[in-house]
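A.B. asks: The numbering used here applies: residue 5 is where the sequence shown begins, and numbers increase by one.
Quick caveat, the hints were computed from the structure, so don't treat them as lab data.
A couple of the hints might just be wrong.
Claimed, not checked - Ranges of calculated distance between the beta carbons of each label pair, as one might list FRET restraints: (1) Ala94 x Asp36: 34 to 42 Å; (2) Met95 x Glu52: 26 to 34 Å; (3) Ser77 x Leu48: 12 to 20 Å; (4) Ala93 x Glu37: 27 to 35 Å.
For clarity, every value in this text was computed on a predicted model and none was experimentally measured.
Beta carbons: idealized from backbone N, C-alpha and C, even for Gly.
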Amino acid sequence: MFWFFFLIVLIKADSIELQCPPATASIQRLLDEAYIPGASVIVLNRDEILYQKGIGYHSPPIPEQRQPMNAVSSIFVLASISKTFIAVAAM
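Produce the entire structure from the sequences given, and follow the hints as far as they go.
C.D. replies: Following this line, the structure appears as structure tokens:
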């Protein structure tokens, strides 16, 4: 998981256009190394989307039940992370 977040930090798109989007194969390799079945990657520059891609699967690791990740329509379960956001917002 560290490598996935490290990749996002490395992608810097402040005032220049993204000339070469990250290779899907390299992102998939990082997900495989961290045992993450799938992810939705998005790179923004202020108010425009520069790169948007769903990689891997968002279903159980059973091959017959796998559904590909979709960056637009995949729904993620927030679980206990919503409690953290509410606590920080209340401060």
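A.B. asks: Now, for every hint given, state plainly whether the structure supports it.
C.D. replies: Tested hints:
1. Ala94 x Asp36: 34 to 42 Å: Because 38 Å falls inside the window, the suggested range holds.
2. Met95 x Glu52: 26 to 34 Å: Holds, at about 32 Å.
3. Ser77 x Leu48: 12 to 20 Å: 19 Å, holds
4. Ala93 x Glu37: 27 to 35 Å: 34 Å, holds
Every hint, counting from the list given before, is met by this structure.
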